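Knowing the structure of chain U, use the given hints to seat chain A on it.
Chains as they are written, first to last, in my numbering: chain U, 818 to 927; chain A, 4 to 171.
Keep in mind that a hint or two might mislead.
[As the list claims (entries may be wrong)] Pairs of lysine-lysine residues, derived as DSS-like cross-links and limited to a Cα-Cα distance of at most 30 Å, are as follows: (1) A:K165 x A:K126; (2) U:K917 x A:K89; (3) U:K863 x U:K916; (4) U:K917 x A:K154; (5) U:K920 x A:K94; (6) A:K168 x U:K920; (7) A:K126 x U:K920; (8) A:K168 x A:K94; (9) U:K863 x A:K154; (10) U:K916 x A:K27; (11) A:K168 x U:K919; (12) U:K822 x A:K89; (13) U:K916 x A:K168; (14) U:K916 x A:K83; (15) A:K168 x U:K917; (16) A:K154 x U:K866; (17) A:K27 x A:K83; (18) U:K920 x A:K27.
[What the hints assert, rightly or not] Covered by chain U, per the in silico footprint, the following chain A stretches (three or more residues, Cβ under 8 Å): (19) 59 to 66; (20) 135 to 142; (21) 145 to 152.
[What the hints assert, rightly or not] Chain A residues, not near chain U, derived (Cβ > 10 Å throughout): (22) Y11; (23) L30; (24) A32; (25) D35; (26) V36; (27) E37; (28) D42; (29) G56; (30) T87; (31) N108.
Derived from the structure by calculation, the hints contain no laboratory data.
Keep in mind it's a predicted model, so treat the numbers as computed, not measured.
Quick reminder that beta carbons are idealized off the backbone N, C-alpha and C, glycines included.
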Amino acid sequence: MMRDKRRYVVVESYNAVDNPDLFQRRLIAALLQVAGEANLFRLNPKIVKFVDERRFIVRTSLEGMRQLVLALSFITSIDGKEAAFYTLGSSGTILAIEKKIKKGQTSASR
Amino acid sequence: MEFNDIVYPTCNADADFAARLGFKRLLVAGKDVEIRDIDRDKNTNAKDCVVIGVNKPRLEAAAKSGAIAISITDQRIDRKLMQTMKERETKLLISFAVLKETGGNDRQRTLYMMSKLLRHAVKMRIEVCFASMARSRLHMLSTMQIIELAKLIGAEEDAARKGLKQIG
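With the rest of the complex left out, here is chain U (with noise of 0.2 Å):
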């Protein structure tokens, strides 16, 4: 059986996130916001590891991650408060974007 091919995007958020669990759920339903019920499915988004108080590394599948890129750009509030997401760099494994975040080259690097 295939597998399916994904990728792993570096995320850092203006504000810091002090509850990862709920976070990650608030994450999901402003990502179900933009995205819409008909695309979530395609994104199938996980946070997978948050690097530091603001940066996270998200794991979606290939095809999706154009709209996961879009859909962060497109989140401005969550659960009532200003929120913002960059979108720092991606990857096809998680071991090969943590060795970009520890050599500081997450930027726009694909």
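Leaving out everything else, chain A in the frame of chain U:
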């Protein structure tokens, strides 16, 4: 990392943050690049300025006076203005911060108008550049996001990347 962006001083963005977003340099309005709001400032002599506004005759006069780039705030096509821009080699600046300032139907309408404007500019062979023109850090975008937004409104990947290099 050769991309540049134009932001307003109210963003308070440092070089580290700019590098994380993928920019070589953030050009600060009023400091690194002069931005002239043609609707407020009646002086149409805009040599070496980036001009923003809605008033088409004034925008056209600014293009004739030697403006570097023109950002049409209402995204409406004016054939006469576009013809002058082509003749004077004035770039068309598409700024994406407006997409973060609006939402819902307004955002969809803006995206539609932007795509029409871009299509018309490409057809007329006017150079197009992209920037966030953010007034707040909340409205800033990374290079990756600007490229995807440019592609969303109909730019080719290479043209989107080139459009981010044009400024500065």
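Inset, instruction - Please write out, lowest number first, the hints stated earlier that are contradicted by the structure. - result: Of the numbered hints given earlier, those the structure breaks are 2, 5, 7, 12, 14, 17 and 19, listed in rising order.
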